[in-house]
Amino acid sequence: MSSPLTLPATTAARPRSALVAAGAALIAATYLYLVLVQPAEIAEGIGGTSSLITLLGFLGGGALLVAGILPSLSTSSLVLMPLGIALNIAIGQTAGSLGLQIYLDAIGTVLVAVLAGPAAGAATGALSNAIWGLFNPLALPFAAGAALIGLLAGTAARYGMFRRVYLAPVAGLVVGAVGGLVAAPVAAFMFGAAGTVGTNALVAAFRAVGDSLLVAATKQGLTSDTLDKLVVFTLVALLAYALPRRSRAQFPFLRRYGVLAGRTGSATGR
Amino acid sequence: MIRLECSTFAYDGGPVVLSGVDLAVEPGGLVHVVGPSGSGKTTLARLLAGQTGAGSGAQFRGALTLGGDRLGFTGGPADPRIDPAAWSSTVAYAAQRTEGQLSMMSATVAEEIAFGPANRGMPTGELRAAVQATAARLGLTDVLNRDPRRLSGGQLRRTIIAAAVVGNPRVLILDEPFQGLDAGSRAEVARTLEVLRAAGTALVICAPMLPGSVAPHSRVLALAGGRPVFDGTFAQARTAGLERYAIGTEGSAPDLRRAPAAPAVPPRRQVQAGTPLAELSGVSFSYRGENSRRQEKVLRGVDLRVDPGDIVGLTGVNGSGKSTLLQHLNGLLRASSGTVTVAGQPLGRRTAVGRLAGAVGYLFQDTDQQLFERTVLREVAYGPAAAGAGRETAQERARTALAAVGLGHTAGEHPYELGFVERRLVAFASLIASGPAVWVLDEPTAGLDQRGRNRVGDLLLDHAAAGGAVVLATHDGAFADALCTRILELKDGRIFSGGARRGAGGA
Amino acid sequence: MPRRRVFNPLTELLAAALLVVLVLVVNTWQFSLAVLVVAVLPGVLLSGKPRQITLAIAVTAGPLLISSFFLHGLFFPEGTTVLAEWGPARVTAEGLQFAALTGLRLAVFTGVLLTAALTVSIPELVSTLTHRRWNRRLVFVLGSAVGLLPHVAERARQITRAQQARGLVVGGSISARVRGLLMVSVPLVTGLLIDAAERTQLLEARGFSSPGPRTNYLPDTDTAGQRTARWLMAAGVLAFGCAWYAVGAGR
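Protein chains in written order, with our numbering: chain A, 1 to 270; chain B, 1001 to 1507; chain C, 2001 to 2251.
Just so you know, the hints here were simulated from the structure itself, not pulled from any lab data.
Note that CB positions come from ideal geometry on N, CA and C, so glycine has one too.
The reader is advised that the hints may include incorrect statements.
Facing chain B, from chain C, some residues (calculated, C-beta under 7 Å) [claimed, not checked]: (1) V2186; (2) Q2201; (3) R2214.
With the hints as extra help, turn the sequences into a complete structure.
Following this line, the structure appears as structure tokens:
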């Protein structure tokens, strides 16, 4: 077709794998460094160095990931991202006003991951925390962890963990555990593991039996993050199955990998 | 100029939703595409806008011709993919839902209008000039610095139109540009469209009903069930008997099955002995919030008594306090002073809104804020189930209510896969299924087609005849005149009684 | 009364970020306190909305500070100087010192970034990023997410009211709460996704994917001087950091 009104045949943009790999490597290296090297230093108080490495390593890694992923996303995935980010914050607030005791602040990230795939999920997670950082700087250092949640949620969706509603909480449990592990050094080295009353009680309990700060923060992360993600994944599965077919039809990722069961969804989904 | 030949169009392997259409729009022409809900108007508008749905599995067989270019489509993967940016520089499109038409990136109306040309790299200086010229043409200069998310309905529509036409396209396609607007706002939008037409932009306007008055030589294409049923001038259309396709004319009286039963009941209810179903006495209200600096009273000492058999119409311009008054009846808002009594019980500060749902049913203006279930039946059964009816009873009542609104056949479908009018009626059915004695309806006929409007009218009369009561806020004067036992005008938070209306006009 | 803006948002945000880096590099309580008093305090006072920013800082950092003191004040197994002891809880001097240091750094971190972020005009930031030719997809996600936030919150509020009107009672058992959450989030998400589908078409029609540079309606408030200053600031902090660690290693 040579008409000026038409587009040439599709040339799907590829993610810039070098940037993505560099980002992932930076995040992994930061995590390993913090876990392997720091426990010795913590007795004398948290060094500024470890905070700095946490901040720069995780934020820089997140930025590289986003830079690698963004050019490859379709416009429809891209339009979803701000929505997921806004939902992360808004549903978290609604949950509070309805009197729920969990944060649910990854619900948008997981939703985008399920509808548009792991790459979009990872970018949403990272950017979500970066943008949230404009209102709540404490969210900023957790950007890499949020990206990981998005990535893993999308991967779980890709391999059929959302084809049955009862599988989603299992996936949430696993993803939450990984997320908790990654978030622990951030909590420990940036904020001295201080958090909400609930998480603090847990950390205090582990500290009381003599755990180091990082170990206590890790155990706390494993406990509360798994619970939170379990609920979030379940909710997203219920949400996804409640969507009308018209809305689902927009997302090629759903079709290509048969992310949600059946045409009607409800028959097998419940 | 532009021509659409559509032999068939279907979404994702579904049934054919549009077929047999051949529509050519001449430069400077005006075409009204009318048809009831589900007749294929939106599909037609999207096709004209170049959205052939190739990416989402839709199948389009036919052709689109723009200028000298004819693009043929066979519904296969080898079909041409339209470049939306190139297409929209000639054919602009303003869709039905307003929220999806804002980029959400703009803090001001000016930035929103500038979004298109800015994406094409127009230098900032030229951009400002273009935006200001468009705003001046369409009368938006005063709102250029306002937040587009906080505009009135009419201003928002006009902003969207301005953003679509800032690049001077030759054709503008509008899908239900008047939906949900009051008379004043409709006039604003109509003026805007007239300005564009006078400047030579061809217009295609999709709407559920024939407009009340337009240039007699404008063209009308009527659709029903996805097929064209009439194609001719506006003057011909008015006498073509389109009513048999449920295509009415704006501002006409509803066609009611049951004659308004006024004469049987004393028109001016002197008997005040029985307890009213709901009563407001001396109610004043002002919004408290960090955003509203003005502590101005929205309601000032309102008295309203609603007895069995009443159909009370509330009229008044936007912002006169109609919705505020309605929301006092079901406890969503609590009076700053004065008392509200529902079913003989005065409302306390702590009465949960959810507990009143069985006594007062409320229909919101925006239906899509409440549908949440996966099937229509479950949706409608939610109210009775929440009120404690058993599963069987709740479903039974839901089926009855669905049959009453004429949607018995949709029980198994997903609420969001129905058309706008059906969704509205589903929301209405869920109100009915909860069995409240008082129906509080905010703009019940807005956006409905003729069939839906008549159906709602019949339901209101039946409810009143059975000893229930209805309070409705409406801009639909003909509807209110035909149905209401009393019409009250709200102005500056006070009621100016219009007195008994139906006795005067309807007899 | 809004503050008269002196610098471009990008410059201000970068300055705040670099200040945080400096605090972390120097890592002494004296320096952290000095930043708090010399930079954050005047920044808040001159912001034009000191109450709002103070409140935001208090809400964000306050609970963390308090819980930090309880956590480390009472449970710090590494501590040796025991001041008091109740069962498993031991108040140690090291724990209190640790809590004070972490708390101070936290306060600086929150204070510096929030003061900068809350005084920055997001539209101006978006405009600057466009004029500086940042990735337009990134700019869209930033601008649109910030723009959607109030919209989503308002819709969630309206939907909650609509559902209350048809019988949703907030609270109750866990299952009732989850159901309540679904009653609000299903219409919310469905509506937003339908809007998103239309917004996708809209963006394409408005030339979002067109190649070539973009412009912005708002004028470019950035200057060559500020651009240079940003590079200099970043280089300065980098050099200072290297020097600091080199000296520290030699000590």
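Cross-check of the supplied hints:
1. Proximity of V2186 (chain C) to chain B holds as hinted, the smallest CB-CB distance being about 4 Å (cut-off 7 Å).
2. Hint status for Q2201 (chain C) relative to chain B: holds, with the closest Cβ pair at about 6 Å, below 7 Å.
3. Among the interface hints, the one on R2214 (chain C) holds; its C-beta lies about 6 Å from the nearest C-beta in chain B, closer than the 7 Å criterion.
In this structure, none of the earlier numbered hints is contradicted; all agree with it.
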